[in-house]
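Trainee: Sequence:
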Amino acid sequence: MKKITEAFAKLRVWQLAFLVNLLAAMLAVVPFLIRDHGYFAMSHDFTAQEIAFNIFMNDTIKSGNLLWNWGLDLGSNFLETFSFYNVGSVFLWFTLLFPAKVIPRVMGWMVILKFAVAGACAAAFLERHVKERWLVVMASLLYAFSGFQCSSVVFYHFQDPVALFPLMLLGLECLIEDNKKGRLALACVLNAFCNYIFFVGEVIFLVIYYIAKYLVPDIRERRRGVRNYLAPIGSCFLEGAIGFFSAGILMISSIHGTLANSRVNEHLPGEAWLGMSTSEWLRLLKGFLVPAEPMNQIASVVQADWMTNAAYLPLVGIVFALAYAMRKKDWLGRILKICAVIAVVPVLNNMFMFFGVETYRRWYYMFILLLALATAKVLEQPEEYPVPAATGIWAGALLLFYVLTNVVKWSGNEEHVVYRTEWYYRGILIAIAGVLIALFIVRFGKKYRTQALTAMTMLFSAGTLLLAIRGYQVTTDNSNLDFKTYPNSYAENVVNYMTEIPGELDRDVLPYRYYFDEGIGHTYYNLAMTASLPSINSFISTIHPSVMEFYDAVGIGRGTWTNAGGDGLQELLSARYIVSDIEQPDAAYISTFTNDNGQEMYYYENERALPIGFAYDTYMTKSQFEQIDPQLRALTMLTTLVVDDADEEQVSSCLKKYTYEEYGGITMDRLEEVLGARRKESSESFTQGKNYFISEIHASGDRYAFFSVPYDECWRATVNGESREVININGLMAVRIDAGDNTIRFDYVYTPLKQGIACSIAGVLLFAGYMIYFNKKKKRAVRQAAQSYEE
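Residue numbers for the sequence shown follow my numbering, beginning at 1 and rising by one.
For the record, the hints were derived by calculation from the structure and aren't laboratory data.
It cannot be assumed that every hint is accurate.
[To be verified] In silico DSSO-like links for lysine-lysine, alpha-carbon gap of 30 Å or less: (1) Lys62 - Lys10; (2) Lys656 - Lys690; (3) Lys180 - Lys776; (4) Lys690 - Lys680; (5) Lys484 - Lys446; (6) Lys778 - Lys213; (7) Lys131 - Lys328; (8) Lys10 - Lys131; (9) Lys484 - Lys101; (10) Lys657 - Lys622; (11) Lys329 - Lys180; (12) Lys329 - Lys484; (13) Lys657 - Lys213.
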């Protein structure tokens with residue numbers, strides 16, 4: 001025991017924190033890995049998205065298809081699509097050491113590693129402010145295993161920015177307080193590469209942190225002249241700019257994709273800027289009071305809440321942080337109060353997510369880091385803080401929450417708003433027990449008080465994470481499948497379903513695609529991605545904006561997943577091969593696949609599907625098209641080329657305008673006739689390579705050839721070697737072709753990547769020059785000081 005104690009004493013605090021957080025994470029995750037023979041899975045986004053995404057990213061990066069990728073729905077830019085899903089994260093780079101097929105076995109261990117790194121990085125920041133090393137370790141657990149982390153464990157990609165964020169605050173403090181150059185820049189590079197959306201929120205938080213900790217005290221105390229205020233601000237801006245530019249190879253692509261997304265212009269309406277409903281107040285209050293729950297199975301107030309409305313600190317809750325805010329008026333107390341205001345004012349809350357419509361609480365982890373710091377500082381000297389008063393406020397808030405949710409009548413339609421009694425009472429009891437244990441240790445603990453607090457925090461951390469993971473595993477997905485009912489272990493059943501049958505399908509099917517029919521009216525599981533198959537459906541919110549434009553145009557709409565369309569849609573999008581959970585009597589049966597779970601999927605051929613690339617001799621304007629019944633819009637796009645009104649003059653020089661008098665009405669009984677007409681002038685040959693594809697079409701006259709490939713300004717087209725303009729057809733593409741044989745080539749010339757590479761090179765050179773300059777300046781100052789001393 002003595003040797004162990006001595007070994008721990010030799011460790012640096014962040015190393016000790018890493019080990020303790022690693023142990024806590026292993027206690028929570030390893031039981032599931034053992035039960036599931038090394039596999040790790042949870043319901044909802046983890047199964048439907050994260051497993052498939054990480055398999056796909058691993059396979060794609062190793063294949064080098066980093067730009068245009070046919071395995072993303074109708075096609076999409078890989079870097080733009082996955083920059084939000086941490087394609088630049090150091091954790092993802094680590095997984096590249098493993099083959100794509102074993103990623104489902106790696107992900108559980110990566111969850112453990114991410115939690116451990118979050119604790120270590122938090123400790124590196126916290127030890128600047130907390131003297132007692134075990135309290136630093138305890139606070140690191142509060143951060144790494146907070147309600148935010150437990151609630152969002154189903155979002156595998158959220159854990160990366162949480163793990164790395166403390167380095168941003170550490171870098172800022174090292175720059176301002178210690179005059180240590182470069183650390184903030186390096187932290188910015190790591191976080192910008194990791195996740196650009198979270199990085200923007202982190203920069204906003206750093207600005208708030210700087211103002212509250214440094215600028216406000218300087219102005220109040222008039223420590224420096226106004227000119228001197230600008231020097232540290234300039235240093236911060238310079239290092240931030242160096243970090244941004246160094247990460248430009250990914251950041252420029254991310255910005256390009258974000259600006260092209262129409263949802264960027266969707267903002268919180270003015271009427272919701274300042275106020276919250278009673279339900280929203282209770283959800284906010286609950287997030288700080290009780291342990292996190294699975295977001296799809298909320299115990300009270302609402303039945304599901306995907307806003308990550310969770311900020312519970314294991315064991316201690318917010319009692320000690322509240323005591324700090326009540327007692328102190330220093331920089332930390334000031335920031336805690338600012339964060340509290342931001343949390344309750346919707347427009348301020350939403351600034352971390354571009355002032356979007358939804359009130360996401362995905363900045364809470366930054367607030368939590370400071371709550372953990374305040375907790376540790378109080379526990380260093382608890383007698384100096386109003387802990388009893390804070391405990392009373394906490395108890396009153398918890399009682400209010402209980403009364404409003406489970407005692408008084410909620411509304412005319414609902415007696416109470418407790419939906420899952422077991423989770424509801426368990427959460428309240430854990431919260432109460434944790435605070436009582438902490439208060440007992442603080443009151444009666446002596447020599448080993450901090451070690452006891454840390455040990456109990458570790459157990460509560462592991463326990464709350466384990467319960468959250470179990471909660472996500474015992475619930476069912478947004479589908480007809482319940483993976484607990486199949487013969488293997490839960491995670492094995494998930495992975496078998498996601499990978500086995502898609503892995504048996506042929507990738508080389510272009511100019512045709514797959515359609516995966518799950519029998520639920522929309523796509524949920526990204527089966528195509530697990531095998532990098534070209535398909536027409538996916539469940540991902542960052543898909544190419546033109547895909548969303550297309551589905552909006554045909555009246556189906558697309559938010560995060562692809563909705564099933566009506567007659568003609570599969571033929572329009574070249575979905576020749578159908579893989580279905582349900583029988584398809586109208587399609588040509590090929591075979592039946594069965595996986596190790598005993599689940600069957602039927603494999604069909606849609607012989608009516610057109611290849612990618614076919615020609616039109618008529619057109620219709622978009623204003624006419626929008627008057628057509630949405631049920632007939634896919635058929636309409638098969639019948640005639642639908643062009644923007646602004647392109648009519650250009651297209652009319654080649655095509656005739658479609659009129660009902662001349663060409664007849666658009667009705668479903670004409671589908672076979674229309675398909676026959678399109679097939680006569682369609683791709684006779686189709687080849688594709690890295691960032692290009694070539695189609696050969698014979699046309700009986702001047703035509704426009706349509707390709708069901710998402711429109712992107714980076715596509716360049718040539719016809720028989722002659723450059724041609726690419727026009728946007730409801731989010732897809734068309735190009736003019738000539739009578740006779742046409743060799744049509746599209747090249748994806750992605751200039752943002754070149755700009756990003758230039759930015760990264762400039763950033764690295766700027767960083768090198770910056771460090772060389774200040775190192776020389778520092779050495780010069782040392783020499784001058786030595787000379788002055790000698791004199």
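Trainee: Hint by hint, say whether it matches the structure.
Mentor: Quick rundown of the hints versus the structure:
Of the pairs offered as hints, the one joining Lys62 and Lys10 is violated, with about 41 Å between alpha carbons and a cut-off of 30 Å exceeded. Between Lys656 and Lys690 the CA atoms are separated by roughly 36 Å; this puts the pair beyond 30 Å, and the hint is violated. With a C-alpha separation of about 13 Å, the suggested pairing of Lys180 with Lys776 holds against the 30 Å cut-off. Straight-line distance between C-alpha atoms of Lys690 and Lys680 comes to about 28 Å, which keeps the hinted pair within the 30 Å bound.
Restraint check for Lys484 and Lys446: the C-alpha separation of about 48 Å exceeds 30 Å, so the hint is violated. Of the pairs offered as hints, the one joining Lys778 and Lys213 holds, with about 26 Å between alpha carbons and a cut-off of 30 Å not exceeded. As the CA atoms of Lys131 and Lys328 are separated by approximately 18 Å, the hinted pair is consistent with the 30 Å bound. Among the hinted pairs, Lys10 with Lys131 is consistent with the structure: their alpha-carbon atoms are about 16 Å apart, no more than 30 Å.
Taking the CA atoms of Lys484 and Lys101, the gap is near 22 Å; set against the 30 Å cutoff, the hint holds. For the suggested pair Lys657 and Lys622, the alpha carbons sit about 12 Å apart, so the restraint of at most 30 Å is met. Restraint check for Lys329 and Lys180: the C-alpha separation of about 28 Å stays at or below 30 Å, so the hint holds. Taking the CA atoms of Lys329 and Lys484, the gap is about 52 Å. The hint is violated against a cut of 30 Å.
Proximity of Lys657 to Lys213 is assessed by CA-CA distance (about 66 Å); at most 30 Å being required, the pair is judged violated.
The structure is inconsistent with the numbered hints 1, 2, 5, 12, 13, although it conforms to all the rest.
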